[in-house]
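Residue numbers (this note's numbering), protein chains in the order written: chain A, 145 to 570; chain B, 10 to 196.
Just so you know, the hints here were simulated from the structure itself, not pulled from any lab data.
A hint or two may mislead.
Footprint (simulated), chain A over chain B, 3 or more residues, beta carbon under 8 Å [stated by the list, open to error]:
(1) 34-45
(2) 65-78
(3) 89-100
(4) 124-134
Quick list of in silico lysine to aspartate or glutamate cross-link-like pairs, DMTMM-like style, CA-CA up to 25 Å [said to hold, decoys possible]:
(5) A:K531 <-> B:D181
(6) A:K272 <-> A:E536
(7) A:K273 <-> B:E15
(8) A:K273 <-> A:E536
(9) A:K411 <-> B:E174
(10) A:K531 <-> B:E174
(11) A:K531 <-> B:E183
(12) A:K272 <-> B:E176
(13) A:K411 <-> B:E176
(14) B:K123 <-> B:D54
(15) A:K273 <-> A:D350
(16) A:K411 <-> B:E15
(17) A:K273 <-> B:D181
(18) B:K123 <-> A:D187
(19) A:K531 <-> A:D350
(20) A:K272 <-> B:E183
(21) A:K272 <-> B:D181
(22) A:K411 <-> B:E55
(23) A:K273 <-> A:D342
(24) A:K359 <-> A:D405
(25) A:K272 <-> A:D342
(26) A:K359 <-> A:D403
(27) B:K123 <-> B:D136
(28) A:K531 <-> B:E176
(29) A:K531 <-> B:D169
(30) A:K359 <-> A:E270
(31) B:K123 <-> B:E55
Fair warning: this is a prediction, and the values are worked out from it, not measured in the lab.
Ideal placement from N, C-alpha and C gives every residue a C-beta, glycine not left out.
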Amino acid sequence: MILLLTTIALITLIMINVPIAVSIGLVAMGGFIMTSGLPALNDMAIALFTGATKFPLIAIPLFILAGNLMNTSGISVRLINFVSALIGFVRGGLGMVNIGVSMVFAEISGSAVADVAATGTVLIPEMKKRGYSRTLAAAITSSSASLAIIIPPSIPMILYGAIAETSVLKLFVAGVVPGVLGGFLLMLVTYFLAVRYDLPRGEGFDLCHVWTSFKEAIWALLMPVIILGGIFSGLVTATEGAGLAVVAALIIGIFIYRDLDLSHLRKAMLEGVSQTGAVMLLVASSAALGLFLTQAQVPQQLAAQITEMTSNPYLVLALLNLLLLVLGMFLHGAAAIILVVPIVLPLVEAVGIDLIHFGIIVTLNLAIGQQTPPVASVLITSCSIAKAGIWETSRTNLPYIGVLAFILLLVTYVPVVSLGLVEYFQ
Amino acid sequence: MIALFERILLRCLEIICLALLVTLTTAVVYSATMRYFGASPSWYDEIASVLLAWLTYFGATYAVFLRQHMGFGGIVAALPRIPAVVLALVSELLVIGFFVVVAWYGYAVLAVAKWDSLLSLRWMTLDIVQSVIPITAVLMIIGTLLTMPRVLRNAASGVDQEHAEIEQAIADAERDAALMQRGDGTK
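Just chain A, same shape as in the assembly:
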């Protein structure tokens, strides 16, 4: 009953455009007052503070800052030039370039919109010039940017790791195989569509050009190698890796590419501050809601009720996938993680689902959610750049969403796809 009332109140507030973080806080406030009276609001005030002090979350502002610095350092353009020289000669090559660049570049910063804007504004006009329809250009850009959500480093994974109190490093490792596999499948779909629509090949393969563009892009390519290599090898923790990412982005932007002047630096930092504030206020207010729901025993009751019906983990995962897919249509990724994970965690643990495995499933669901209107900021950004209709693009996007859904099913029911690498590194 409490969960139902909480959900209705939350949906109503969000629908009338109260910011999601404040909606969560208001629902928590109402819950505290109704169940324990006004003095319980003291607990809420304390939870609002402690909710923002979770140590693993320190990586969030730093990765956001590093991503913003990369966005303003011309790293995206250099990556595009290199990947284009490398695989642009294949039919549908420019679409594949788009996917390849997204896999390396996207979702580092906290704003998927800014990431898609950075790559999309360069690639989409070029794709349209070479005969790609507006909807296809938008669909490729959008779906590949969303897939990148499970390729580390990823802010949603850090959020999940902090909420589920599980290893962010293991989540990063678990995302690699599904992410790379998904990328190759998206490229395969692009190739088939390119043959079907008779799209032209890009520039011819020229070893000299590959070398020149590689020299230009080497530092951009080294960035993920340095960060992920440092984290995966155990040299640095995820938080320290985020700090390393900032230092690397600063050195590359200021001293190597020399595109990062003081005004760009200030702009990148202020955008980072605002994005951090928006995400972290959600985290803090959900800590207050989490406290209220836990005091009311809601997650435990939900777990008990569902395990009474079934304790089959695969059935429970199917139910959770359905819930997350529907929520993903109406909520931003970070908000969905922050809201849903604390409530379903006792259920997930009760039926014996691995928390790392579930983390990748949650993240993949959110990747699909970014592609499904009405709340689909990544898709909307791509459509705005391509000047394509959202619903027409959604139709063209169906094969790509199909790939994401296939990866989701694969990860859900063949756990070794995500956990294999984690076990290998242990």
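Based on the hints, put chain B in the right spot on chain A.
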């Protein structure tokens, strides 16, 4: 006069946020370096967590002034003018009401917090640390009030904040890409 007040407040917030971000980044990098040399600073975990909380709330305040908090404006934007403005006004009042309560109770708990202090900095009592909640709650109320006319105007003309932000992000990226190309041409 009000516009000037808003600009000054915004500038102050920018300075505080930038200082917090630089301090947090420096603390993380310093600690990682020292850990490598086998001398991890004992204050790191606690101070970095407090800095994160401060950055969270001052960053959230900055985002209030810029109206960049996540929301779902599609329904309000699609409504006719009068219901859209009424709902936008209700939404604004709810936001202000929330932060009034947070400011009140955030201030109330400081009386208890002052008897405790950080473990690594004994002189820093928890009321100073947690004062960020009532201070930023008041600032967020001011930010909401100052930017409310803009929001009501947008609601009246059917502008969705999310779409406006997307258009802004695209314009920024296009400008950056154009600057890059111009830079390449002149190099």
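Taking the hints in turn, this is what the structure says about them:
1. 34-45: holds (count 6)
2. 65-78: Since 11 is at least three, the answer is holds.
3. 89-100: holds (count 4)
4. 124-134: violated (count 0)
5. A:K531 <-> B:D181: OK: K531 (chain A) and D181 (chain B) at ~17 Å, within 25 Å.
6. A:K272 <-> A:E536: Status holds; Cα separation ~16 Å.
7. A:K273 <-> B:E15: violated (44 Å)
8. A:K273 <-> A:E536: Since the Cα atoms of K273 (chain A) and E536 (chain A) sit roughly 19 Å apart, the hinted pair holds (cutoff 25 Å).
9. A:K411 <-> B:E174: The given pair, whose Cα atoms are some 15 Å apart, holds under the 25 Å limit.
10. A:K531 <-> B:E174: Holds, at roughly 16 Å.
11. A:K531 <-> B:E183: Answer holds: K531 (chain A) to E183 (chain B) is near 14 Å, not above 25 Å.
12. A:K272 <-> B:E176: Holds, at about 19 Å.
13. A:K411 <-> B:E176: Given pair K411 (chain A), E176 (chain B) holds - Cα atoms ~17 Å apart, limit 25 Å.
14. B:K123 <-> B:D54: holds (21 Å)
15. A:K273 <-> A:D350: Status holds; Cα separation ~21 Å.
16. A:K411 <-> B:E15: Status holds; Cα separation ~19 Å.
17. A:K273 <-> B:D181: Distance ~22 Å between K273 (chain A) and D181 (chain B) Cα, so the pair holds.
18. B:K123 <-> A:D187: Holds. K123 (chain B) to D187 (chain A) sits at ~16 Å (cutoff 25 Å).
19. A:K531 <-> A:D350: violated (33 Å)
20. A:K272 <-> B:E183: holds (16 Å)
21. A:K272 <-> B:D181: Given that 25 Å is the threshold and the Cα spacing comes to 21 Å, the pair holds.
22. A:K411 <-> B:E55: violated (29 Å)
23. A:K273 <-> A:D342: This hinted pair holds, its Cα atoms lying about 14 Å apart.
24. A:K359 <-> A:D405: With Cα atoms ~22 Å apart, K359 (chain A) and D405 (chain A) stay inside 25 Å; holds.
25. A:K272 <-> A:D342: Within the cut-off at roughly 14 Å; holds.
26. A:K359 <-> A:D403: holds (16 Å)
27. B:K123 <-> B:D136: Given that 25 Å is the threshold and the Cα spacing comes to 5 Å, the pair holds.
28. A:K531 <-> B:E176: holds (11 Å)
29. A:K531 <-> B:D169: holds (17 Å)
30. A:K359 <-> A:E270: Measuring from Cα to Cα gives roughly 23 Å; hence the hint holds.
31. B:K123 <-> B:E55: holds (17 Å)
In summary, the structure is inconsistent with hints 4, 7, 19, 22 from the numbered list given earlier, while agreeing with the others.
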